[in-house]
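**Student:** Take the sequence shown: its letter number 89 is residue 92 in the working numbering, and every next letter is one higher.
Hints should not be assumed to be uniformly reliable.
What the hints assert, rightly or not - Derived pair list, reagent style DMTMM-like, types lysine to aspartate or glutamate, alpha-carbon separation capped at 25 Å:
1) K31 to D46
2) K36 to D101
3) K120 to E108
4) K120 to D101
5) K31 to E102
6) K36 to D99
7) K36 to E80
8) K120 to D130
9) K120 to E80
10) K36 to D130
11) K120 to D138
If you are wondering where the hints come from, they were derived from the structure by calculation, not from laboratory data. This structure is a prediction, so every number in the text was calculated from the model and none was measured.
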Amino acid sequence: MNSIRELLANDHRHCDDGFAEVEQAVRKGEWDKAEAAFLRFRDAVLRHLDIEENVLFPAFEDRTGMRMGPTQVMRNEHAQMRDLLTLTGVALTQRDADEYLGNAETLLILTQQHNMKEENILYPMCDQHLSADRDGLLTILSAGIASTASAGGGV
Numbered sequence: 004m005n006s007i008r009e010l011l012a013n014d015h016r017h018c019d020d021g022f023a024e025v026e027q028a029v030r031k032g033e034w035d036k037a038e039a040a041f042l043r044f045r046d047a048v049l050r051h052l053d054i055e056e057n058v059l060f061p062a063f064e065d066r067t068g069m070r071m072g073p074t075q076v077m078r079n080e081h082a083q084m085r086d087l088l089t090l091t092g093v094a095l096t097q098r099d100a101d102e103y104l105g106n107a108e109t110l111l112i113l114t115q116q117h118n119m120k121e122e123n124i125l126y127p128m129c130d131q132h133l134s135a136d137r138d139g140l141l142t143i144l145s146a147g148i149a150s151t152a153s154a155g156g157g158v
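Given the sequences, and given the hints that come with them, work out the whole structure.
**Tutor:** Here it is, written out as structure tokens:
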């Protein structure tokens with residue numbers, strides 16, 4: 004991958020694919036399959052959020068001095084996403100399709116809006132402001148994404 008935007012947008016697509024796999028299994032009533040897919044999806048999403056919050060955002064904030072700008076908005080949305088992941092996980096454990104699908108729909112809308120902001124605003128800003136550090140950051144971010152896949156959490 005040649006840019007932060009390209010790498011992390013690609014990871015968004017992998018997470019989206021995992022999310023779709025869970026929903027398909029829930030709609031078919033394949034609960035064991037849904038739970039296994041959900042664990043992979045959840046782990047991939049949480050790892051993605053963690054590498055943004057612990058690697059990308061601090062690098063951007065250190066370079067730009069913007070600590071209460073776009074990264075703070077993204078952190079707030081990450082917290083909402085984590086809450087919704089918890090609620091969807093509980094619904095799966097209880098095998099409650101209606102509750103799962105309701106929370107999943109909210110998570111989907113939030114995630115789609117969030118990803119658009121990252122891919123169209125924040126990541127291009129990161130590519131611009133972090134160009135001198137790009138190769139090192141891409142290596143670290145790629146390793147974080149790969150660690151999820153190698154741990155069985157990739158989707």
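**Student:** Which hints from the list above does the structure break, by number from lowest to highest?
**Tutor:** 4, 7 and 10
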